[in-house]
Structures are given as structure tokens and as C-alpha cells.
Amino acid sequence: MDVAEKEVLLDPNRTDRVVPARPASPHRPPADVPGAPTPPPFPEENPLRNLRTVFAALVVLALLAGVGLAQKTLTIARPTDPVSLDPHFETTAPGSWVFSQILEPLITVNQQMEIEGRLATDWEFIDDTRLRFTLRQGVTFHDGTPFNAEAVKYTWDRAWDEDRPGRWKSLAGPVEGIEIVDEFTVDLVARQPYGPLLLTATMPYTGVVSPTAAEEMGDEFGRGPVGTGPFSFVEWRSNDRITLEANDDYWGGRPNLDRVVFRTIPEEGARMLSLRAGEVDMVLMPTPSDLPGLEADPNFTVEGAPGVGVFYLAFNLEREAVSDVRVRQAVAHAIDRELIVEAILEGGGVLATSVIGEPVFGYKDMRLLERYPYDPERARELLEEAGYSRGSDGFMVDENGERLTLELLPSNGRSLKDREIAETLQEFLRQAGIDVEMDIFEWATTFELMRGATLEYDLNSFTWFTTTADADYTMYSNYVSTETPPESWNRWRYANDDVDEWLKAARASLDLDEREELYGMVQDQLAVDLPAIPLYGSYEVAALDASVEGFVAHPIQYLLNLHPVDIVD
Amino acid sequence: MFSYLIRRIFIAVPLLLGVVFIVTASFDLIPGDPAALILGEFASESAVAELREELGLDRPLLVRYVDTVVNVVQGDLGRSLSDRRPVATILGETFPLTAQLAGTAIALVLIIGIPLGLAAATRPGSTVDNVIRVVSLAGLSMPVFWTGLVFMVIFSVNLGWTPVSGVGTWQHLILPSVTLALPSIAVIARMTRSTVLEVLREDFIRTARAKGISERSLLWKHMLRNAMIPIITVLGLQLGQMLGGAVLTETVFAWPGVGRLTVFAIFNRDYPLMQGVVMVLAMVYVGVNLLVDLSYGLFDPRVRYA
Numbered sequence: 206m207d208v209a210e211k212e213v214l215l216d217p218n219r220t221d222r223v224v225p226a227r228p229a230s231p232h233r234p235p236a237d238v239p240g241a242p243t244p245p246p247f248p249e250e251n252p253l254r255n256l257r258t259v260f261a262a263l264v265v266l267a268l269l270a271g272v273g274l275a276q277k278t279l280t281i282a283r284p285t286d287p288v289s290l291d292p293h294f295e296t297t298a299p300g301s302w303v304f305s306q307i308l309e310p311l312i313t314v315n316q317q318m319e320i321e322g323r324l325a326t327d328w329e330f331i332d333d334t335r336l337r338f339t340l341r342q343g344v345t346f347h348d349g350t351p352f353n354a355e356a357v358k359y360t361w362d363r364a365w366d367e368d369r370p371g372r373w374k375s376l377a378g379p380v381e382g383i384e385i386v387d388e389f390t391v392d393l394v395a396r397q398p399y400g401p402l403l404l405t406a407t408m409p410y411t412g413v414v415s416p417t418a419a420e421e422m423g424d425e426f427g428r429g430p431v432g433t434g435p436f437s438f439v440e441w442r443s444n445d446r447i448t449l450e451a452n453d454d455y456w457g458g459r460p461n462l463d464r465v466v467f468r469t470i471p472e473e474g475a476r477m478l479s480l481r482a483g484e485v486d487m488v489l490m491p492t493p494s495d496l497p498g499l500e501a502d503p504n505f506t507v508e509g510a511p512g513v514g515v516f517y518l519a520f521n522l523e524r525e526a527v528s529d530v531r532v533r534q535a536v537a538h539a540i541d542r543e544l545i546v547e548a549i550l551e552g553g554g555v556l557a558t559s560v561i562g563e564p565v566f567g568y569k570d571m572r573l574l575e576r577y578p579y580d581p582e583r584a585r586e587l588l589e590e591a592g593y594s595r596g597s598d599g600f601m602v603d604e605n606g607e608r609l610t611l612e613l614l615p616s617n618g619r620s621l622k623d624r625e626i627a628e629t630l631q632e633f634l635r636q637a638g639i640d641v642e643m644d645i646f647e648w649a650t651t652f653e654l655m656r657g658a659t660l661e662y663d664l665n666s667f668t669w670f671t672t673t674a675d676a677d678y679t680m681y682s683n684y685v686s687t688e689t690p691p692e693s694w695n696r697w698r699y700a701n702d703d704v705d706e707w708l709k710a711a712r713a714s715l716d717l718d719e720r721e722e723l724y725g726m727v728q729d730q731l732a733v734d735l736p737a738i739p740l741y742g743s744y745e746v747a748a749l750d751a752s753v754e755g756f757v758a759h760p761i762q763y764l765l766n767l768h769p770v771d772i773v774d
Numbered sequence: 002m003f004s005y006l007i008r009r010i011f012i013a014v015p016l017l018l019g020v021v022f023i024v025t026a027s028f029d030l031i032p033g034d035p036a037a038l039i040l041g042e043f044a045s046e047s048a049v050a051e052l053r054e055e056l057g058l059d060r061p062l063l064v065r066y067v068d069t070v071v072n073v074v075q076g077d078l079g080r081s082l083s084d085r086r087p088v089a090t091i092l093g094e095t096f097p098l099t100a101q102l103a104g105t106a107i108a109l110v111l112i113i114g115i116p117l118g119l120a121a122a123t124r125p126g127s128t129v130d131n132v133i134r135v136v137s138l139a140g141l142s143m144p145v146f147w148t149g150l151v152f153m154v155i156f157s158v159n160l161g162w163t164p165v166s167g168v169g170t171w172q173h174l175i176l177p178s179v180t181l182a183l184p185s186i187a188v189i190a191r192m193t194r195s196t197v198l199e200v201l202r203e204d205f206i207r208t209a210r211a212k213g214i215s216e217r218s219l220l221w222k223h224m225l226r227n228a229m230i231p232i233i234t235v236l237g238l239q240l241g242q243m244l245g246g247a248v249l250t251e252t253v254f255a256w257p258g259v260g261r262l263t264v265f266a267i268f269n270r271d272y273p274l275m276q277g278v279v280m281v282l283a284m285v286y287v288g289v290n291l292l293v294d295l296s297y298g299l300f301d302p303r304v305r306y307a
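In order, the protein sequences belong to chains U and D. All the letters of the first sequence, read from the start, carry residue numbers 206 to 774 under our numbering. All the letters of the second sequence, read from the start, carry residue numbers 2 to 307 under our numbering.
Think of the hints as simulated: they come from the structure by calculation, not from any bench. Be careful, since some hints might not be right.
[As the list claims (entries may be wrong)] One-sided excerpt, in silico: chain U residues whose CB lies under 7 Å from chain D:
| # | residue |
| --- | --- |
| 1 | V288 |
| 2 | R396 |
| 3 | P398 |
| 4 | D424 |
| 5 | G427 |
| 6 | E440 |
| 7 | D445 |
| 8 | P471 |
| 9 | G474 |
| 10 | A475 |
| 11 | S479 |
| 12 | A482 |
| 13 | S594 |
| 14 | E688 |
| 15 | P691 |
[Unchecked claim] With the Cβ distance kept under 10 Å, some of the chain D side facing chain U (calculated, not the full set):
| # | residue |
| --- | --- |
| 16 | S27 |
| 17 | S47 |
| 18 | N159 |
[As the list claims (entries may be wrong)] Coverage of chain D stretches by chain U, computed from C-beta distances (three or more under 8 Å per stretch; other residues unrestricted):
| # | region |
| --- | --- |
| 19 | 88 to 102 |
| 20 | 163 to 174 |
| 21 | 289 to 302 |
No residue lacks a Cβ here, since even glycine has one placed at the ideal position from N, Cα and C.
Same shape as in the complex, but just chain U (with noise of 0.2 Å):
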């Protein structure tokens, strides 16, 4: 796509404001009147008098500080820092977790995974490349400048920027950008019909940001965002806090918090002790096994939902053991996906039923408990009809007696308990006679080894997030293909004519039900192939003092409403 033709963007002089010069009073007193009887310049010493001004500072002092002590902070500890506060530039959870309260996207989704409007009240597809939404009328951002379809444009238009394109870009998809229509009606324009089209305005990247401040400030945009949101920016001292405040002027009403006050706490054992000790009220990715002692304590909540990110025990096709479908089914039997959620995740997940998380659109159960229940022996048998035998070890070996090993490349240190989710496998397939052998790096080289041109590993584990909580983010990217590494992510080189087809048409489609069927097939298929065995489903939850209400906890990790919430005492 060429962005390079882009329309002037803003004029800057459209944000000044012209102040009329307020007219003299008529009112006024002359200055000076000759003859006039001069006041003394102090009035008589009355003892009392003082008193009483003493007693009526004291009663505005005990005033002040009565509304000093009904500032309601809500303190809030997470285990790391942002990057960034510029959501073009960090797309991470705990960056999220904050610009999303000051900036805001044109629609959103809500806890029940409906999408709700925020800075559009009205959308709709007024062709298959075209939504049309219509704006807010008579908001402003937290400096001033007002919002209209402008600054929307200059937000998607920041994002494409050649020099330094926004990092949710690679998200969007087929997206053309943002076309005004009038002051408030804009398009969101593809270049091609694009179902998940909906979902992509949702994602919280793409909160309008004030064109005037972001102008201003450049790369210190980051360090403290201005948007519309139902908070502001106020402070960010690194690895420290950040602090934001209530917006009064905001259009959805005025939060019911004063301040916000983001504490990076990396300690586990630490953030859970501030919760108790009462310094913090909320506790962001809490310690699982601390979970079930706060739920009994009534002091404390715990508040939660399944999330969209599945980890999954992924085939590399082109290596000739797992090519063959009877191997990989041998290793679903071979694993106890319950035993896992239960024993080693502790309340941190739940048990995957797709490809994809229960909360995101398209999701269809793949019935693997049915299909594939945990037994051992059926796995050997599996192995058996695929060729291999029992060796004198125990482990499986084939006609030339090598013994059955695969290479795991797992996750670590990436997602809840990788790595001991990792040690757990190894023990259940030497179990079924296939030997395991992984390699262990640090993320970046994990990461590296995946994204490479070939995968030199059997088996590689992964968290994957669908971020748009449309199936078509994970779906198309993973599965059509095409779509291979370096330049997408079907690492497991799955290759099904039929999919690829479901896949595209689902794409391309807007008609909901449509789509949703398609990408039932998809999951029904792939249950089948079984290029990837879900083993656990992202959990997402919150740590809160009793005294917090209104928090409900987000299936996006990303998202965190906290416009709603109170604190009573």
C-alpha cells in the first residue's frame, strides 16, 4: 500500500481561540475623587475579631483536609513499567493498561465482548471496504483542542507514517486509513472487503490522540499522552509511578475516582504483600497459588475472565516424524491437558478448548477432550500403527531401531509457567516412549529460532493472543499457507486447500454469520489435522482490596475499564 500521499494534515491555526476583549464595566468606581474622606488605614484592634479569623482558618484548614482524606486514589501495582505511553509505539498490556484511560478509540468492546461506541456513537459499512462512523459531537481533549474528524485522521495517519510507523500497523490488516467525510463522519477504508474491519477499530492502538499535543511534543508524546479519555495525564517517574487524574469535562461523565496511580512493583511476593498491607488496592497478574487465600478472606476480591490468548503445543510439518497424523494424535492422547491447568497453572488458566479463546469472535470448541482424552496406551498403539515398536528402553523405535525423539523448542520465560509446562511434556510423551530433547534459550533467541525461515525443531510451544478478538487475526495469519514465516506465522507450514479457502472467504466477508460458520469449519478441520494441540487457555484476573467496586475484569489482557470504579469505604 503507498501512504505517501498524504493530505495536509491540520491547520494548526484552526485549535486557537479567539478571546473577545471583555468591555470596561460601567460599574467601575472612579479612581481617584478629591475630597473623598480617607479610610484609616487599619481598623481598630479587636482581640476577638483575631480570634475568630484564627478559628475560621482552622475550620477551612479541618475543611481541606476533610476533602484531602475523600480523595479517592485507586493504586494500582503491576509487575513492569511501560515502554512507552504513545500506544503507536508500545503494545504491550502494561502500556495499554494505562494510555487506554487517557485515550480513547472511536468503538470498543466491553467486558461481555459487545462493541460499544466511545468517540464514534454510530457505525456502520456503508459498502464491503467502507465503515462509516459517525463522530461525537462537542468533546475536547484533555488540552483543549477540540475533537473532530480531523484528529482522527492525524491519529491513523501518525500510524502510517513512513519515518516511524506506528508498531500496531502490521495489525490493521488490509487498512487504507481514514478518509472525512464532514466535521464528524469519517471512513475507515480497505483496500480489499475486510470483515475483521470492525474489530480492528476497536483495538485500544488506535485511541485518537490530540493532534496539536502530539505536534508539540513529538517523541515526548510518549512520556505523557493527551487524548479524550476518561482520565489524564499527570506524572510518569520511571519504574516508579505513574499518576493520572480525574477528567471533569469527560463526555461519559466524570469517574468516580479522583486519581489513578500506577505502581510498577516487580516482586511477586512483594506487589501481594503491598495488597495486604493495604498500600495498593489492586494487584494486576497476581500470584495464581495466592489466589484461593484471598477469595476466602473478606477483606479481598478476586475478579476474572477467561482471556483471548491460548498456548498451544505446536507440529513443524516439514519434519518427517510429526508429518504424520497419527504421531501427532499420539501426543495429544499422551498428555494430561487437565492435569496441567489444575497442578502447575493453579487458577492462572484455563483449559483450552480451540485454537482461539472462548471471548473472541468466531470461536468454535474443538472438542479435543472428546477426541483426545488423555490415555497413554492408545498413544502407543497410535505409534505402533504408524510404524514404530517398543524398544527395550521403554521409548518407541522405528524399522531401523532409532529411537522416536522430537525437538522441543519451548516457550520461556513468555508466558504463566512455560517452562515448567515444557518439563511437564517431556515427562507425559517419555511416558507414551517418545523421547523429548528441548532446548532452553531466554526469549529473544526463543523468539528468534521461531521467526526463522525454517523451523529446525519438531515441537514448539507459544502463547498466542488474539488481540483483535477477531478469529481472523489468528486464523489467517497461522493457518492460510502462504502465510509463512519471516513474514507471517504459519510456523508449522499447515497446508490444507479447504482452509485456506474457508479462511479467505471468511475474510472477505461481512455478513456475521457468514464468517462465524466459516471459521467453525476451520476449528472442526484443524481438530482434525491437528498441526497445534491447545493445552491452556489465558486467565485474566485482578487482586482487589474489598473496598474497590465496580472493576470487572477484561477478557483482552490489554483492556482495563476503570471509568466505573469506586472506592467505599
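Knowing the structure of chain U, use the given hints to seat chain D on it.
Quick look at chain D alone, frame taken from chain U:
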């Protein structure tokens, strides 16, 4: 003395040049493509290539090294890749916090560690000596992340005396500085004890005693002063280490100091930030060592700087 100081500062220059070289070169050895990491998991190939160019990662090592040296001499440590702020600004925010923590901890080491060592040394074999030896052994063996958490549970959660973590008031400083100081207190107490015991065996102590000097003045003027040089040396090393950022203490107590900044820079492959941190730390080490060397003269008039 002055010429000695100048000479020492000059010696530091090739040292720092060497540090810059090692830092620049080491990035070539670290696995993982920094540009791909910075841009995240879903970045396109072209975006990655663009960033590599912007960072100069496509240029040869020597060119990169010369550029870095030229910039550093001009006081420009570059911009952080992560938040695009000048590295010097970030260090200016972070270093004072670490200095605060390290300064308090070293003060605790001085006012607790040395008297403990003296108390033990003057009564060798006594109960006091034994208790101090056992306690200091314990102080040495306990890992800071463990002591830190135990302190938190006792003093913050149960007693409510101090904040759990973070920065802000002087109360925030108590737990982390005590936690950080504890192993050093143990080291210095043991060190003081053994050096003072050694000095006690010297002839001049017997002579001094024979002259009828009071035990008090013997202790402070003759013993401690002579024992001070090795103690100061170790203390200097400890201070250097603490200023280098006590990663564990800072992590446990959510203290936004140099230690955590270093870890952040490493994990985010923030090359300019990492270079800045390493260079400043090298300078701090050189500075602390110089101070230690200069302080020898204070305790031992025989030391001459020439």
C-alpha cells in the same frame, strides 16, 4: 598530592575508552536481533530493517565505536530506544535514588559494622564475641530477597511501621537500606574483628599499654587507626557495588534505581541506555577507588602520594 590526583584521572581515560569498546562490541555477541525485539512479535520485516538502520546496527563495529566515543566526549549519551528520552536525563533521575540508598546503607555499615567488630575483637572468645560472630554469619548467608520479604511481612504488614515498597518519604528508605546493608555489616564486622585482633598482637600495642595509655585511647587511636586501611578498602568495594545498583534489593522493594534500570535496558535491548549505564558505573567505580586511595593518607601518615 595534586599531581597524583591529575595522574589518576588521566589513567582513567584509557580505562573508560576500553569500557566503551567492550560495551559496543558485546552487543554483537548477544543473541537476538535487537530491532526485531524492540518492534515486537508482529513487526514486518521492512520495519525491522528500517530500525536496524536507524540504530546503526548495519554499520561495522569500529565505525560504531568511534561514533560512540565522539558523542560521549560531547556529553551525549544518546537517546533511549525504549522511551526516546536522552540517556543522560534517565540516568540523572535514577542515579540519585541509588546514591541515596547506597549512602544510607554504607552509613549503617559504618555505624553498626565497625563498633560490632570492635566489641567482638576486644573481648575475643567471650559471649559477646560469639553472638556477634554467629549473627554476622547469618547476616552474610541470608539472601537479600529473602530478608527483604521477611522484613516486609514483619514491619510493614504486621506492625505497619514502614511502607512495603516504593520511594517517597524517609520511611521508604528504612527497609531497603537495612536489607542492603545487612550483608555488608556482617562483612565489615568480621573484617574489623580480625584486623583489630591482628593489630592487638603488634609490639606497639604492648609498648603503648606499658606507657599506661587508657584502654579507650588505645582502642581508638592506636588499634582502630591501624586497622582502618583494610577496612576502608573493603568498604570502598562494597560502596562501589551498591552504587552499581543493588538489583535484588531494588527489585524486592520496587526501588527505581540503577540496578533495575540496567535490567530493564538489558531485557529491552536498549543499547544506548545500556552503554550509558555501564559507562557511568565505570566512572563511579574509578571515583570510589580514587577516594579510597586518597583516604589512606588520612589514617596512615606514612602513605605518600607522589
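Quick rundown of the hints versus the structure:
This hint holds: V288 (chain U) has a C-beta 4 Å from the nearest C-beta of chain D, less than the 7 Å allowed. At a threshold of 7 Å, the smallest CB-CB gap from R396 (chain U) to chain D is about 16 Å, leaving the interface hint violated. Residue-level restraint check for P398 (chain U) is violated (minimum Cβ-Cβ distance to chain D is 22 Å; threshold 7 Å). The interface hint given for D424 (chain U) is met, as the beta carbon of that residue sits about 4 Å from the closest beta carbon of chain D, less than 7 Å.
Because the closest C-beta pair between G427 (chain U) and chain D is about 6 Å apart, less than 7 Å, the hint holds. For the restraint placing E440 (chain U) at the interface with chain D, the shortest Cβ-Cβ distance is roughly 12 Å, beyond the 7 Å limit, so the hint is violated. Because the closest C-beta pair between D445 (chain U) and chain D is about 4 Å apart, less than 7 Å, the hint holds. Given hint, P471 (chain U) at the interface with chain D, holds; its Cβ is 5 Å from that chain's nearest Cβ, closer than 7 Å.
Taken as an interface hint, G474 (chain U) checks out: its beta carbon lies about 5 Å from the nearest beta carbon of chain D, inside 7 Å. About 5 Å separates the beta-carbon of A475 (chain U) from the nearest beta-carbon of chain D, less than 7 Å, and the hint is met. Hint status for S479 (chain U): holds, given a least beta-carbon distance of 5 Å to chain D, under 7 Å. The interface hint given for A482 (chain U) holds, since its Cβ lies 5 Å from the closest Cβ of chain D, which is under the 7 Å cut-off.
For the restraint placing S594 (chain U) at the interface with chain D, the shortest Cβ-Cβ distance is roughly 40 Å, beyond the 7 Å limit, so the hint is violated. Annotation: E688 (chain U) was flagged as interfacial toward chain D, and the flag is violated, the nearest CB pair being 13 Å apart, outside 7 Å. With a cut of 7 Å, the hint placing P691 (chain U) at the interface with chain D holds, because the nearest CB-to-CB distance is about 6 Å. Because the closest C-beta pair between S27 (chain D) and chain U is about 14 Å apart, greater than 10 Å, the hint is violated.
Interface hint status for S47 (chain D): upheld, as the beta-carbon distance to the closest one in chain U is roughly 9 Å, under 10 Å. Taking 10 Å as the C-beta contact cut-off toward chain U, the hint placing N159 (chain D) at the interface holds, the least distance being around 9 Å. Interface restraint, the region 88 to 102 of chain D with chain U: holds (3 residues with C-beta to C-beta distance below 8 Å; minimum three). Coverage of the region 163 to 174 of chain D by chain U holds in this model, with 5 residues showing a Cβ closer than 8 Å to a Cβ of that chain against a need of three.
Coverage of the region 289 to 302 of chain D by chain U is violated. Counting CB-CB distances below 8 Å, 0 residues qualify, and the rule asks for three or more.
Hint check: violations occur at hints 2, 3, 6, 13, 14, 16 and 21; the rest are consistent with the structure.
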